[in-house]
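Full structure from sequences and hints, please.
If you want the building blocks of each chain, they are given just below.
Number of protein chains: 2
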Amino acid sequence: MGEFELLTRIRERLPQAGPRVRLGSGDDAAIGVPGGATATSVDAVVEGVHFRRDQASLVQVGHKALATALSDLAAMGAEPGEAYVVLGLPADLDEEGCLELLDGMAALATATGTTLAGGDLTRASELFLAITVVGHADSPELLVTRSGARPGDALVVTGELGGAAAGLQLLENDEARVDHTGVGSTLASRLRARQLEPRPRLGAGRALARAGATAMIDISDGLGGDGAHLARASGVGLRIEAAAIPLAAGLEEVAAAVDRDPLELAIGGGEDYELLASIAPAQLDAARQAVDEAAKGVGLTAIGEIVAGEGVEIRLPDGRLLEPGGFDQLA
Amino acid sequence: MGEFELLTRIRERLPQAGPRVRLGSGDDAAIGVPGGATATSVDAVVEGVHFRRDQASLVQVGHKALATALSDLAAMGAEPGEAYVVLGLPADLDEEGCLELLDGMAALATATGTTLAGGDLTRASELFLAITVVGHADSPELLVTRSGARPGDALVVTGELGGAAAGLQLLENDEARVDHTGVGSTLASRLRARQLEPRPRLGAGRALARAGATAMIDISDGLGGDGAHLARASGVGLRIEAAAIPLAAGLEEVAAAVDRDPLELAIGGGEDYELLASIAPAQLDAARQAVDEAAKGVGLTAIGEIVAGEGVEIRLPDGRLLEPGGFDQLA
Numbered sequence: 011m012g013e014f015e016l017l018t019r020i021r022e023r024l025p026q027a028g029p030r031v032r033l034g035s036g037d038d039a040a041i042g043v044p045g046g047a048t049a050t051s052v053d054a055v056v057e058g059v060h061f062r063r064d065q066a067s068l069v070q071v072g073h074k075a076l077a078t079a080l081s082d083l084a085a086m087g088a089e090p091g092e093a094y095v096v097l098g099l100p101a102d103l104d105e106e107g108c109l110e111l112l113d114g115m116a117a118l119a120t121a122t123g124t125t126l127a128g129g130d131l132t133r134a135s136e137l138f139l140a141i142t143v144v145g146h147a148d149s150p151e152l153l154v155t156r157s158g159a160r161p162g163d164a165l166v167v168t169g170e171l172g173g174a175a176a177g178l179q180l181l182e183n184d185e186a187r188v189d190h191t192g193v194g195s196t197l198a199s200r201l202r203a204r205q206l207e208p209r210p211r212l213g214a215g216r217a218l219a220r221a222g223a224t225a226m227i228d229i230s231d232g233l234g235g236d237g238a239h240l241a242r243a244s245g246v247g248l249r250i251e252a253a254a255i256p257l258a259a260g261l262e263e264v265a266a267a268v269d270r271d272p273l274e275l276a277i278g279g280g281e282d283y284e285l286l287a288s289i290a291p292a293q294l295d296a297a298r299q300a301v302d303e304a305a306k307g308v309g310l311t312a313i314g315e316i317v318a319g320e321g322v323e324i325r326l327p328d329g330r331l332l333e334p335g336g337f338d339q340l341a
Numbered sequence: 011m012g013e014f015e016l017l018t019r020i021r022e023r024l025p026q027a028g029p030r031v032r033l034g035s036g037d038d039a040a041i042g043v044p045g046g047a048t049a050t051s052v053d054a055v056v057e058g059v060h061f062r063r064d065q066a067s068l069v070q071v072g073h074k075a076l077a078t079a080l081s082d083l084a085a086m087g088a089e090p091g092e093a094y095v096v097l098g099l100p101a102d103l104d105e106e107g108c109l110e111l112l113d114g115m116a117a118l119a120t121a122t123g124t125t126l127a128g129g130d131l132t133r134a135s136e137l138f139l140a141i142t143v144v145g146h147a148d149s150p151e152l153l154v155t156r157s158g159a160r161p162g163d164a165l166v167v168t169g170e171l172g173g174a175a176a177g178l179q180l181l182e183n184d185e186a187r188v189d190h191t192g193v194g195s196t197l198a199s200r201l202r203a204r205q206l207e208p209r210p211r212l213g214a215g216r217a218l219a220r221a222g223a224t225a226m227i228d229i230s231d232g233l234g235g236d237g238a239h240l241a242r243a244s245g246v247g248l249r250i251e252a253a254a255i256p257l258a259a260g261l262e263e264v265a266a267a268v269d270r271d272p273l274e275l276a277i278g279g280g281e282d283y284e285l286l287a288s289i290a291p292a293q294l295d296a297a298r299q300a301v302d303e304a305a306k307g308v309g310l311t312a313i314g315e316i317v318a319g320e321g322v323e324i325r326l327p328d329g330r331l332l333e334p335g336g337f338d339q340l341a
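Each protein sequence line maps, in turn, to chains A and B. Residue numbers for the first sequence follow the working numbering, beginning at 11 and rising by one. Residue numbers for the second sequence follow the working numbering, beginning at 11 and rising by one.
Since the hints were derived computationally from the structure, they do not count as laboratory data. All residues carry an ideal CB built from backbone N, CA and C; glycine is no exception. Each hint can be trusted.
For each label pair, taking beta carbons as the anchor points, the in silico distance ranges come out as:
(1) Ala-266(B) <-> Ala-121(A): 51 to 61 angstroms
(2) Ser-157(A) <-> Arg-133(B): 20 to 30 angstroms
(3) Gly-46(B) <-> Ser-195(A): 52 to 62 angstroms
(4) Pro-25(B) <-> Pro-150(A): 14 to 24 angstroms
(5) Arg-220(B) <-> Ala-101(A): 37 to 47 angstroms
(6) Arg-63(B) <-> Gly-309(A): 46 to 56 angstroms
(7) Glu-105(A) <-> Gly-309(B): 36 to 46 angstroms
(8) Gly-58(A) <-> Pro-327(B): 48 to 58 angstroms
(9) Arg-220(B) <-> Glu-303(A): 43 to 53 angstroms
Structure below.
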């Protein structure tokens, strides 16, 4: 393909640049006028490692690559700003395919107010996308790290968990086919979309930051894994009530069809891209209201508390404790 | 390899963070306190497309990947700030190899005052590096784009051209072996280093920006190709005197050994990562002095002028004009 021509076609499809971008794609560098502080994160996805073209459309691949990058900005409570995209393009991906990838990114960029401000194209033997996202805040103190959780804080989570894991089962496991689970095709589509088209919780993240969240992380590796990251960074322990975890609709049916425990999928499955945060209990009602206003229908649920100590302790409905990785206890 | 352990080893080797970085690698995003304007650029290199591991050490691969990204900041006249690095790691690259890549980047980061502020590691079937660099300036007006050249401006270039192309000949072409060219092993090493370990002209770029450069670009595709980019972006023509182009020492001997014209290698070869800039003639002496002070031994040479019109016209020593791509005229 002619790189120059392709770049021209790509630039024609880019959404309008945001107010912080003085000069977008096409020069040696993009020029921005940032706020008082920036949050910057970079994420890469590789075909065969992070996605499969026989499961996800190229539009979905582009969407998810940008979504997972933006999810890191959500977890900082940052306002999304700019994205810079590297595409590694294999020989079997034609110009139309490249534009489909871009369409997936451009639609999400438009929906979230993100400017696609620059990028680089290269030949590669396999398809990969590396995306750098820059978010903004008026000052560095307004951004929420993983390290500020204090004993006594409440532990909260946005949305529902386990939906992405259930969606993956529907995509990969014949036993989880709709006709076996009885979840219905609309709900099954919604679960697959949780896996293939995650929505970064940018509005909820900013609402939680403003409401006083002391620490925050996005749930990409699973509640257990990312909870452990937050606990380690803050030097505290997490105590989670399993019965309080908001489970995705349809998760129980899919889990039953593949003979797994729904809690295992909700805690260990990952890729839900919901936010896990700690916040003083006195702020909890205000935070819930702020999330409701900023992100319609997402919801905020208290699932436990921050304690002195370390690690993640999950109390099962029957009172037993789930050790890290100890999902066989669930059976 | 254990990603967590590798990340810990990587973080131990990172140079100290600069004053603009409040929080580096390890959270959902890095936190920065930028200046009044940022210049952001992203570059990717892929094994087999941009480098070969049998020609370049992993330290050199890491160095060059960061150097070519920083060269875009040099071309904006920006102060280097932060770099964010994605590594795609194939199965045959072990942990030590990964750390060698990082050492190449870390040494250049230290030398240029760049903070390696974040990154992502992923498995991949071939080695690739995608690097986003962020530079700073007090205001967007102080950054130099490609589009400000005006008829009557002088055209200047930093350093010498053709060295990287001669180095590539020495690496790839048996006819160019030292014993055939008679350039001597020290000079041959220097030419190979121009290809494998380019130095971004960050100091010269800032000096040119302060001295009033009206447009600037780094020479990665060759003087002819990048000159055409600058001409197109500015809506002007470039007139270059071939006799004025500063040729790298040893270029003539290498070119003779492989039966090529040294001007062809200097104009078409690319990868010199020198800067091409336009500037009002009245500022020329001050610019030359500023570059001499900022970048010892690099030098600034006037090679032509900006004219009304379009395209790049190169006047050969005998008065003939070299058309774009018309290197066969040289023979």
